[in-house]
Amino acid sequence: MTLSVDIRHRLGDFAVEALFDSAGRLTALFGPSGSGKSTLINLIAGLICPDKGRIAVDGRVLVDTEARIFVPMHKRRIGIVFQDARLFPHMSVASNLRYGRWFTPASERYAKMDAVVELLGIGHLLDRRPAKLSGGEKQRVAIGRALLASPKLFLMDEPLASLDEARKAEILPYIERLRDETKIPIVYVSHSVAEVARLASDVVVLSQGRVAASGPTEAIMQRLDLLPAEERGEGGAVLDTKVLRHDEAFGMTVLGSPAGEIRVPKLAMAAGAPVRIRIRARDVMIATARPAGLSALNILAGTITAVRPGIGPTVEIAIDCNGAIVLARITVQSKHTLRLALGQEVFAVIKTVSFDSATTGAGLSVEADG
Amino acid sequence: MNWLLDLTPDEWNAVRLSIKVATVAMIASLPPGILLALLLARGRFWGKTLLNGLVHLPLILPPVVTGYLLLLTFGRRGPAGAFLAEHFGIVFSFRWTGAALACGIMGFPLMVRAIRLSIEAVDRRIEAAAGTLGANPLWVFATITLPLILPGLIAGAMLSFAKAMGEFGATITFVSNIPNETQTLPSAIYTFTQVPGGDEGALRLTLISIVISMVALVASEVLARRVGRRMDIE
Chain P
1 MTLSVDIRHR LGDFAVEALF DSAGRLTALF GPSGSGKSTL INLIAGLICP
51 DKGRIAVDGR VLVDTEARIF VPMHKRRIGI VFQDARLFPH MSVASNLRYG
101 RWFTPASERY AKMDAVVELL GIGHLLDRRP AKLSGGEKQR VAIGRALLAS
151 PKLFLMDEPL ASLDEARKAE ILPYIERLRD ETKIPIVYVS HSVAEVARLA
201 SDVVVLSQGR VAASGPTEAI MQRLDLLPAE ERGEGGAVLD TKVLRHDEAF
251 GMTVLGSPAG EIRVPKLAMA AGAPVRIRIR ARDVMIATAR PAGLSALNIL
301 AGTITAVRPG IGPTVEIAID CNGAIVLARI TVQSKHTLRL ALGQEVFAVI
351 KTVSFDSATT GAGLSVEADG
Chain Y
1001 MNWLLDLTPD EWNAVRLSIK VATVAMIASL PPGILLALLL ARGRFWGKTL
1051 LNGLVHLPLI LPPVVTGYLL LLTFGRRGPA GAFLAEHFGI VFSFRWTGAA
1101 LACGIMGFPL MVRAIRLSIE AVDRRIEAAA GTLGANPLWV FATITLPLIL
1151 PGLIAGAMLS FAKAMGEFGA TITFVSNIPN ETQTLPSAIY TFTQVPGGDE
1201 GALRLTLISI VISMVALVAS EVLARRVGRR MDIE
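As you go down the protein sequences, you meet chains P and Y in turn.
Going by our numbering, the first sequence runs without a break in its numbering and finishes at 370.
Going by our numbering, the second sequence runs without a break in its numbering and finishes at 1234.
Simulated from the structure, these hints should not be mistaken for lab results.
Note that CB positions come from ideal geometry on N, CA and C, so glycine has one too.
Check the hints yourself; a few may be wrong.
Listed next, with one range per pair, are the computed distances between beta-carbon atoms [unchecked claim]: (1) D114(P) to P1137(Y): 26 to 36 Å; (2) A67(P) to K1048(Y): 29 to 39 Å; (3) V1222(Y) to G121(P): 35 to 45 Å; (4) A166(P) to L1117(Y): 32 to 42 Å.
Model the full structure from these sequences, guided by the hints.
See the structure below:
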């Protein structure tokens, strides 16, 4: 599927101007609060009509101000999960889930009640009222309700923002399952690097109502300058790896990546399972010779491919480790002392303990966390 | 107890008529009441303040004035009255239907107010969520808005019924005080107080009037609470 957006919209003295195409499985709309993410979601959903522009999903035009097309929201077949679950308080969980089915033509209903209930693990909640659910349960029911309307596109508007860390960890695997087990494209709004790095295949970065950049997650997450200030420390390389084996004696898991083996605290995942990890740029040290007598376990050999000025007294150094780009954020002083230059062979050093649940995903077993 | 229920046929008729008039007035005002409450709560249009004022007029005007205006409009020679009588065979003047009309209009502001408040309390984002699931605005209203405002509807209907049970001024002005046709409880009580030796009858009907009002009040409370518990709004 492709989502193409080209709109201009003005709300008071705030203007949103967005132009992007995305063909990803899960496209993240990423940016700080006030960057226009929610406005964009409301425009795609049909909750508001843009002043000017065009939005199409898979060639199906939802809005085209020039052609005077505006498909009302109830005909768009877009499933939305809001930050607040917005369940219907006067209906049971089961009735909430069934609500959208009434309005979907029988021939287009691909979502099955049993399968959805199973996927989201909400079977024990069906008879309850929304008021009696926890925040995480509400959000899962909201996802199920949207899914059972058999939408052609999923919009998630900061679905985890109002939940605490434990509840987030509870929901994230379900969103991953939704992404991997259904064919519906997802547009996911977030201001959290951890969520975007873990879930997204593509990222559209918004800043003050404009698209600052868009592209594959791996590429965007390396552009620390695009990240909101409070999230900059979270930026870095995103690597898709595979579980090679577990080191039971030392409580570690060995991951295989093009860059070489990476040791992380033990993950509760089977060998062979795919794991997406994020290596924070600030967690990466650089050595000009292979270090010896060092406690850090991960030493990746590579070549410097880019040196960019960072924030404050730092530089960002991109190291190509056999095709996988690892990003390091070091001081300008270190760069001078080591005389780092483009094309130089270096070693990226990453402590195993710098990986945590936010950078290795749900697989991390609890005792190894923190 | 026997003394209380030992009513003359005319008195029984007054009781029955009052309940009938109040019930019809309440039910007939519900659809326009909901519509106007929606318009006032959600609508954005020129003249909204004026419409709001018009709806509240029966609350402010002396009931006699309302009754007289009804007589001018819906009387046999009034423009609306003549039209309805000629085309639909509906006659209001000096009929029990006229009493229901007068009672409905007098209770209308109270009903609209209660419903309007409950509509304004509905979270519109929940309605939007229903819209994104494929429900068109009419379905959203029927399946989301209406159930959510049910307690307000019950309260509004109750107020309208109570007002109708006690309505006197507009009714007697518009449809007079004809036994078995337009003589409601308040009119009957008034008639008793106007004749020598009528105290006993006036007291009897007063007590009955109190009982009916209390029963209606308690019933609506119970109903509203049951609906509220079923909904369990966060």
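Taking the hints in turn, this is what the structure says about them:
Between D114(P) and P1137(Y) the beta carbons are some 31 Å apart, a value that agrees with the proposed interval 26 to 36 Å. A beta carbon spacing of about 34 Å between A67(P) and K1048(Y) agrees with the range 29 to 39 Å that was offered as a hint. Distance hint check: the CB atoms of V1222(Y) and G121(P) are about 39 Å apart, consistent with the given range 35 to 45 Å. With their beta carbons about 39 Å apart, A166(P) and L1117(Y) fall inside the hinted range of 32 to 42 Å.
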